[in-house]
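Residue numbers (our numbering): 1 to 110.
Hints were generated in silico from the structure; no laboratory data involved. One or more hints might be untrue.
[As the list claims (entries may be wrong)] As a list, the in silico SDA-like pairs of lysine to any residue whose alpha-carbon atoms are at most 20 Å apart:
| # | residue 1 | residue 2 |
| --- | --- | --- |
| 1 | Lys25 | Ser59 |
| 2 | Lys86 | Ile73 |
| 3 | Lys96 | Ser59 |
| 4 | Lys86 | Arg49 |
| 5 | Lys101 | Asp90 |
| 6 | Lys40 | Thr50 |
| 7 | Lys77 | Ser59 |
| 8 | Lys77 | Arg108 |
| 9 | Lys60 | Ile83 |
| 10 | Lys86 | His102 |
| 11 | Lys86 | Thr50 |
[To be verified] Quick list of simulated restraints, FRET-style, between CB atoms:
| # | residue 1 | residue 2 | range |
| --- | --- | --- | --- |
| 12 | His102 | Cys22 | 41 to 51 Å |
| 13 | Ala48 | Phe84 | 14 to 24 Å |
| 14 | Asp76 | Lys40 | 30 to 40 Å |
| 15 | Ser97 | Glu46 | 34 to 44 Å |
| 16 | Glu51 | Thr71 | 38 to 48 Å |
| 17 | Val82 | Glu46 | 26 to 36 Å |
As the structure is a prediction and not an experimental result, all values here were calculated from the model. Idealized CB from N, CA, C, for every residue including glycine.
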Amino acid sequence: MKRFLAFLVAMGITVTLGDAYCFFKINKPGETKGCVLDGKLYPYGEIARTENCLRCSCSKREINCCSLFLTPIGYDKENCRVIFNKKTCDYEVVQKSDPTKHCTNYSRVG
1 MKRFLAFLVA MGITVTLGDA YCFFKINKPG ETKGCVLDGK LYPYGEIART ENCLRCSCSK
61 REINCCSLFL TPIGYDKENC RVIFNKKTCD YEVVQKSDPT KHCTNYSRVG
């Protein structure tokens with residue numbers, strides 16, 4: 001029953017985040033205080049946002065994380081560049097000649 005519930009939660013997160021990339025990491029045996037990710041200890045439960053723009057779920061067995069951002073593709077690389085905004089956890093595609101102007105023709109993938 002617990003595994004089935006965990007599966008439903010994981011599927012709910014995946015559906016919610018759509019095309020975001022996801023991964024999981026099995027905790028080291030004997031780790032009893034939480035989950036370690038990128039050298040930082042997170043408590044058991046849901047983590048709304050990590051320092052690296054991930055949404056995670058931490059359990060005694062593992063940590064499951066999905067990105068909060070989608071990566072731009074198919075933009076005009078000659079005239080545009082991509083800037084990651086860590087405050088908003090999002091990429092901006094801007095003109096190289098004038099970074100205040102956004103490029104408009106591109107797609108996003110997880």
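We went through each hint and held it up to the structure:
For the hint pairing Lys25 with Ser59, the CA-to-CA distance comes to about 11 Å; that is within 20 Å, so the pair holds. Between the alpha carbons of Lys86 and Ile73 the distance comes to roughly 19 Å, so the proposed pair stays at or under 20 Å and holds. Under the criterion of a C-alpha separation no larger than 20 Å, the hint pairing Lys96 with Ser59 is inconsistent with the structure, at around 44 Å. At roughly 11 Å between alpha-carbon atoms, Lys86 and Arg49 fall within 20 Å of each other, so this suggested pair holds.
For the given pair, Lys101 sits about 16 Å from Asp90 by alpha-carbon distance, which is consistent with the 20 Å threshold. Among the hinted pairs, Lys40 with Thr50 is consistent with the structure: their alpha-carbon atoms are about 10 Å apart, no more than 20 Å. Using a Cα cut-off of 20 Å, the hinted pair Lys77 and Ser59 is violated, with the two alpha carbons roughly 41 Å apart. Restraint check: the Cα-Cα separation between Lys77 and Arg108 comes to about 14 Å, which is no more than 20 Å; the hinted pair holds.
A hinted pair counts as satisfied when its Cα atoms are at most 20 Å apart, and Lys60 with Ile83 does not qualify at roughly 36 Å. The straight-line distance between the Cα atoms of Lys86 and His102 is roughly 18 Å, inside the 20 Å bound, and the hint therefore holds. About 11 Å separates the Cα atoms of Lys86 and Thr50, which keeps this hinted pair within 20 Å; it holds. In this structure, His102 and Cys22 break the distance hint of 41 to 51 Å, their C-beta atoms being roughly 28 Å apart.
Taking the beta carbon of each, Ala48 and Phe84 are about 19 Å apart, inside 14 to 24 Å as hinted. Remark: the range hint 30 to 40 Å for Asp76 to Lys40 is upheld by a beta-carbon distance near 37 Å. Range check, Ser97 to Glu46: about 43 Å between beta-carbon atoms, so the 34 to 44 Å window is met. For the pair Glu51 and Thr71, the beta carbons lie near 18 Å from each other, so the given range of 38 to 48 Å is not met.
Here the CB-CB span from Val82 to Glu46 is close to 29 Å, well matched to the stated 26 to 36 Å.
Comparing the model with each earlier hint shows violations of hints 3, 7, 9, 12 and 16; every other hint is respected.
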